[in-house]
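Work the whole structure out from these sequences, hints included.
So the protein lines, in turn, are chains A and B. At position 40 of the first sequence the residue is numbered 902 (our numbering), and the sequence of numbers has no breaks. At position 13 of the second sequence the residue is numbered 22 (our numbering), and the sequence of numbers has no breaks.
Some hints could be false.
Said to hold, decoys possible - Cut-off 20 Å, straight-line C-alpha distance, at most; resulting in silico cross-link-like pairs (EDC-like, lysine to aspartate or glutamate):
no. : chain 1 : residue 1 : chain 2 : residue 2
1   : A       : K960      : B       : D106
2   : A       : K919      : A       : E963
3   : A       : K919      : A       : E937
4   : A       : K919      : B       : D106
5   : B       : K70       : B       : D94
6   : A       : K875      : A       : E944
7   : B       : K58       : A       : E963
8   : B       : K58       : B       : E97
9   : B       : K70       : B       : E29
10  : A       : K960      : B       : D63
11  : B       : K70       : A       : E963
12  : B       : K77       : B       : D17
Stated by the list, open to error - DEER-style ranges, computed between Cβ atoms:
no. : chain 1 : residue 1 : chain 2 : residue 2 : range
13  : A       : N918      : B       : T112      : 15 to 25 Å
14  : A       : Y872      : B       : T39       : 34 to 44 Å
15  : B       : G71       : A       : E914      : 34 to 44 Å
16  : A       : K875      : B       : A38       : 36 to 46 Å
17  : A       : E914      : B       : I20       : 39 to 49 Å
18  : A       : F931      : B       : F119      : 39 to 49 Å
Don't read these hints as lab results, they were simulated from the structure. Glycine included, each C-beta is placed from N, C-alpha and C at the ideal position.
Residues per chain, in single letters:
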Amino acid sequence: KAGVTQTPRYLIKTRGQQVTLSCSPISGHRSVSWYQQTPGQGLQFLFEYFSETQRNKGNFPGRFSGRQFSNSRSEMNVSTLELGDSALYLCASSLGTKNTEAFFGQGTRLTVV
Amino acid sequence: AQSVTQPDIHITVSEGASLELRCNYSYGATPYLFWYVQSPGQGLQLLLKYFSGDTLVQGIKGFEAEFKRSQSSFNLRKPSVHWSDAAEYFCAPRVADKLIFGTGTRLQVFP
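Structure, rendered in structure tokens:
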């Protein structure tokens with residue numbers, strides 16, 4: 863069974879640009895969550911999608927957005943990039959029901975210069 | 010305030026020694042509890058989980074954790090550490106359908 867796949871693995875962008883990251887969950891999983899990991903703030907929850915609907919949202923500015931497609935694949939978008947957006951972005955997939963665990967992808971390392 | 014605490018930022022042990030990583034949480038009800046491990050530059054790997062029932066749970070790689078309701082703790086243990094266990098360990102309660110991560114404990118293993 864394939865795991866969670868995130869693309870690309872590495873990305874370098876310039877301040878002010880926008881970026882789109884992709885996540886393909888484990889087959890059969892309907893929930894996709896996104897987390898940002900930085901040395902200063904640690905692991906922080908961005909948002910969660912379940913069956914194409916945003917079910918939960920963290921405390922991030924509106925520049926951070928996401929969506930989920932009918933095949934459960936998800937994308938997150940960051941507009942008007944700032945230096946502080948440099949981070950490892952992790953995607954997690956789960957069945958989305960109560961007693962289930964989340965499985966993480968390898969992450970996308972975003973560097974903003 | 011709701012929070013999760015991993016008091017030990019960095020732990021160093023000798024290979025073969027026992028290990029205990031501490032985790033305390035502060036939430037109204039008992040949340041679902043997870044431990045994840047992260048190697049440098051990698052994603053998070055699930056070690057074990059607690060939903061309900063038996064308070065001692067077994068995970069992968071020989072790890073176990075004990076849930077203690079009275080202490081609001083979910084400490085991770087391993088009887089004999091291997092050099093390949095060197096990594097960062099995160100405790101994460103799930104609250105309102107999102108994982109709340111602790112600050113992590115970096116484990117260093119000496120031969």
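Structure-based check of each hint:
no. : hint                           : in the structure
1   : A:K960 with B:D106             : holds, 8 Å
2   : A:K919 with A:E963             : holds, 19 Å
3   : A:K919 with A:E937             : holds, 15 Å
4   : A:K919 with B:D106             : holds, 10 Å
5   : B:K70 with B:D94               : holds, 9 Å
6   : A:K875 with A:E944             : holds, 10 Å
7   : B:K58 with A:E963              : holds, 8 Å
8   : B:K58 with B:E97               : holds, 17 Å
9   : B:K70 with B:E29               : holds, 14 Å
10  : A:K960 with B:D63              : holds, 18 Å
11  : B:K70 with A:E963              : holds, 17 Å
12  : B:K77 with B:D17               : holds, 18 Å
13  : A:N918 with B:T112: 15 to 25 Å : holds, 22 Å
14  : A:Y872 with B:T39: 34 to 44 Å  : holds, 39 Å
15  : B:G71 with A:E914: 34 to 44 Å  : holds, 40 Å
16  : A:K875 with B:A38: 36 to 46 Å  : holds, 41 Å
17  : A:E914 with B:I20: 39 to 49 Å  : holds, 42 Å
18  : A:F931 with B:F119: 39 to 49 Å : holds, 48 Å
In this structure, none of the earlier numbered hints is contradicted; all agree with it.
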